[in-house]
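Use the sequences and the hints to build the structure in full.
First residue of the sequence shown: 644, per my numbering; consecutive thereafter.
To be clear, the hints were calculated from the coordinates, so they are not data collected in a lab. Treat the hints with caution; some may be incorrect.
In the SDA-like style, the derived pairs of lysine to any residue whose C-alpha atoms are separated by at most 25 Å in a straight line are [claimed, not checked]:
#	residue 1	residue 2
1	Lys771	Ser786
2	Lys925	Pro748
3	Lys936	Ser836
4	Lys742	Gly752
5	Lys769	Arg698
6	Lys751	Thr727
7	Lys936	Gln736
8	Lys923	Gly812
9	Lys925	Phe872
10	Lys769	Asp652
11	Lys657	Lys923
12	Lys751	Lys771
13	Lys771	Asp814
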Amino acid sequence: MWSQNALTDRLNLKWPILQAPMGWFSTPALAAAVSNAGGLGGLGMWGYTAEEAERRIAGFQQMSGRGLNANYPLWPEPGITPDTSEPMRARLQAHFDAKGLGAVPEPKGAASEVSREHLSMLVRAKPKMVSFHFALPDREIISALKDAGIFVICSATTVAEARILEEQGVDAIIAQGTEAGGHRATFTGVDISLQPGLFALLPQVVDAVRVPVIAAGGVADGRTVAAAFVLGASAVQVGTAFMRCEEANVPDAYRAALRDPTACTVVTDMITGRPARYIKNKLIDDLLASDLKPVTFPAQLSLTAPLSNTGDRELTALWAGQSAALAKDTTAGALVESLAEATSECLRAFARS
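In structure tokens form, the structure reads like this:
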């Protein structure tokens with residue numbers, strides 16, 4: 644059975660389908676619905692204090708007694724300099740004026756790390772899994788999580804990054820193809836032009852490491868899930884398709900953009916200061932045409948976020964993968980079940996041919 648392997652046994656999953664944590668777009672209700680349907684729900688912890696993160700996990704646990712993936716993106720303190728921030732603020736001012744938002748704010752941003760408070764909370768709350776983006780924390784933190792029985796994973800965008808993660812002791816690796824929505828997970832500074840798509844990356848990572856590999860990027864229906872397993876994946880991580888689910892914290896303008904079959908995506912660092920894939924709109928076009936450098940991640944997001952809050956699709960940061968058009972409006976539990984059923988049928992049809 645494609646749905647049962649060492650990874651699903653370890654995580655007690657009916658289906659090897661992980662919901663991408665997706666920062667603040669994920670909710671306890673979304674994650675719980677996925678886990679209750681037999682997959683693994685995820686909650687992003689970007690920007691949350693340890694107390695807030697614990698409340699998110701507690702909210703999940705009130706709705707589900709199954710496993711949860713708590714996700715931590717990691718980055719250093721941003722270096723903000725006027726020679727970069729002032730030209731960017733001047734460029735954005737016209738958009739702020741058009742929406743009556745006043746002056747573009749001064750950029751701000753802080754480091755993201757697994758603090759002592761967060762680590763204590765995780766050891767106490769014991770989510771089934773803790774995942775990391777943009778590299779791993781110190782070995783002492785990884786050891787403490789694993790000693791508490793927590794499964795540790797991280798994302799890689801190249802074979803070299805996957806090997807580094809295995810050497811650092813992860814229990815599984817997410818192979819993130821260029822098709823994926825959201826931030827590129829690279830932690831070695833690999834240019835986007837050198838990062839392979841999932842179809843090329845996945846089998847090479849599977850061959851290069853001994854730990855289970857989770858496929859991410861462009862996985863949105865039964866055909867793409869089946870392809871990932873044929874290429875050696877032990878599980879898939881699905882992001883954009885879950886953003887169409889009613890439990891996701893996604894504004895109406897954003898949902899409308901995800902439904903647009905003509906929408907195109909682009910990878911750029913102009914929204915947050917770090918490369919990520921978005922649905923292309925007027926804000927991205929304008930910032931790319933400026934030839935300016937973004938403020939250091941994540942401080943650039945403090946400048947563009949007020950525009951997203953206007954509800955204008957053309958000014959909103961629309962994180963999305965290249966397979967967004969394959970998704971449908973549904974509930975999270977129904978999506979897990981439909982992905983599982985469609986994958987089984989695809990693999991049966993393949994076996995019969």
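So, going through the hints one by one against the coordinates:
no. : hint               : result
1   : Lys771 with Ser786 : holds (15 Å)
2   : Lys925 with Pro748 : holds (20 Å)
3   : Lys936 with Ser836 : holds (18 Å)
4   : Lys742 with Gly752 : holds (24 Å)
5   : Lys769 with Arg698 : holds (13 Å)
6   : Lys751 with Thr727 : holds (13 Å)
7   : Lys936 with Gln736 : holds (16 Å)
8   : Lys923 with Gly812 : violated (37 Å)
9   : Lys925 with Phe872 : violated (38 Å)
10  : Lys769 with Asp652 : holds (18 Å)
11  : Lys657 with Lys923 : violated (36 Å)
12  : Lys751 with Lys771 : violated (33 Å)
13  : Lys771 with Asp814 : holds (12 Å)
Against the hints set out earlier in the document, violations occur for numbers 8, 9, 11 and 12.
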